[in-house]
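Fit chain Z to the supplied structure of chain P, relying on the hints for placement.
Protein chains: 2
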Amino acid sequence: MSSTKSSTKQTALLIIDVQQAFNDEAYWGGNRNNPHAEENIARLIAAWREKKLPIFHVQHCSVNPKSPLHETNEGNAFKDVAKPTAGEPIIKKSVNSAFIGTNLQEQLEAQGITNVVVVGLITNHCVSTTARMAANLGFQTSVVSDATATFDRVSYDGRRFSAEEIHEVSLASLHDEFATIANTVSILNSLT
Amino acid sequence: MSSTKSSTKQTALLIIDVQQAFNDEAYWGGNRNNPHAEENIARLIAAWREKKLPIFHVQHCSVNPKSPLHETNEGNAFKDVAKPTAGEPIIKKSVNSAFIGTNLQEQLEAQGITNVVVVGLITNHCVSTTARMAANLGFQTSVVSDATATFDRVSYDGRRFSAEEIHEVSLASLHDEFATIANTVSILNSLT
Chain P
924 MSSTKSSTKQ
934 TALLIIDVQQ
944 AFNDEAYWGG
954 NRNNPHAEEN
964 IARLIAAWRE
974 KKLPIFHVQH
984 CSVNPKSPLH
994 ETNEGNAFKD
1004 VAKPTAGEPI
1014 IKKSVNSAFI
1024 GTNLQEQLEA
1034 QGITNVVVVG
1044 LITNHCVSTT
1054 ARMAANLGFQ
1064 TSVVSDATAT
1074 FDRVSYDGRR
1084 FSAEEIHEVS
1094 LASLHDEFAT
1104 IANTVSILNS
1114 LT
Chain Z
924 MSSTKSSTKQ
934 TALLIIDVQQ
944 AFNDEAYWGG
954 NRNNPHAEEN
964 IARLIAAWRE
974 KKLPIFHVQH
984 CSVNPKSPLH
994 ETNEGNAFKD
1004 VAKPTAGEPI
1014 IKKSVNSAFI
1024 GTNLQEQLEA
1034 QGITNVVVVG
1044 LITNHCVSTT
1054 ARMAANLGFQ
1064 TSVVSDATAT
1074 FDRVSYDGRR
1084 FSAEEIHEVS
1094 LASLHDEFAT
1104 IANTVSILNS
1114 LT
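First to last, the protein sequences are chains P and Z.
With this note's numbering applied, the first sequence corresponds to residues 924 to 1115, in that order.
With this note's numbering applied, the second sequence corresponds to residues 924 to 1115, in that order.
These are computed hints drawn from the structure, not numbers from a lab.
Here are the computed distance ranges between Cβ atoms for each label pair: (1) Z:G1081 to P:G1061: 25 to 35 Å; (2) Z:N1106 to P:Q1034: 41 to 51 Å; (3) Z:S1109 to P:Y950: 26 to 36 Å.
Taking lysine to aspartate or glutamate and the EDC-like style, the derived pairs with C-alpha atoms no more than 20 Å apart in a straight line are: (4) Z:K989 to P:E1100; (5) P:K1015 to Z:E1100; (6) P:K989 to Z:D1099.
Yeah, the Cβ is synthetic: ideal placement off N, Cα and C, and Gly gets one too.
Excised from the complex, chain P in its bound form:
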């Protein structure tokens, strides 16, 4: 095995909460940005599978029975574009960070994975929190700008922020401190 191939194998794709509950845009704040995020996630998943690289499917399982992300609700299911196939690990979590209450860190370390590429929903909550913790735990972390998305949000003082503004400020805060911000094409090119 060449050193290049060995290095590539150490990069895992972490797919965060690509679940049907998020199809109900109004519930989460509306006006979602990046409508093509799922297409890009699908392209990344296809490339990772083709190269037999490690994929981790993170699934939010709310402890609140009223949440559309609770396991008894249909919204808990993965979207079709991001369904796990046999052998791909599913990490079930109940908080934003995929590293809390799970064995994700242990699974990554057991496989010698040093780099993670984070995609999914939503940019400012579970994606950002997981990327921040991944970086702080010592993983080289990338976040894919066009394979994540968020919704409008009303703040503590009643001020409304647009999904696009929240998305971009979230990435600005991750950039150069926690993660490399890349787009889908550049990540795909880095695999070849």
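Chain Z alone, transformed into the frame defined by chain P:
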């Protein structure tokens, strides 16, 4: 001891990275918002001390010798307004989250602390990351909007965001998901 008093005693003040290095605004991006954050932090510290409530001083100790936050550099020192007094624990960290590579969680739990009030620098990096992890670890978390601050930042695509915009979007992302956003006066009033 009354139940009210007992409940108040379970609320810790987490003071994040109020260190001299941050006096060099230009180094961190310039145009800092909330110039009165340190005054508000000092008022909160005074109130916590008066009521003999738990205070934790978090100190960033960069592993990079060139960083002004490295322990060999003057900037590593606490600002005068936030100097620990005897008996107040100091949590030294080398990443953004005060919970990674430290025993902060164990110290909080050992004292039966269930609630944390987070203040300090900077809103979108160490304050946000620590607040997110505190919430995900199960602590009732408040972030004090006028006792935190940040700097302008240039993003991955060269776009510049103002400190005030980053600060407010950071708080919007914490609000109702990770933390209660409060101001200094409301926190002080809640202690009485």
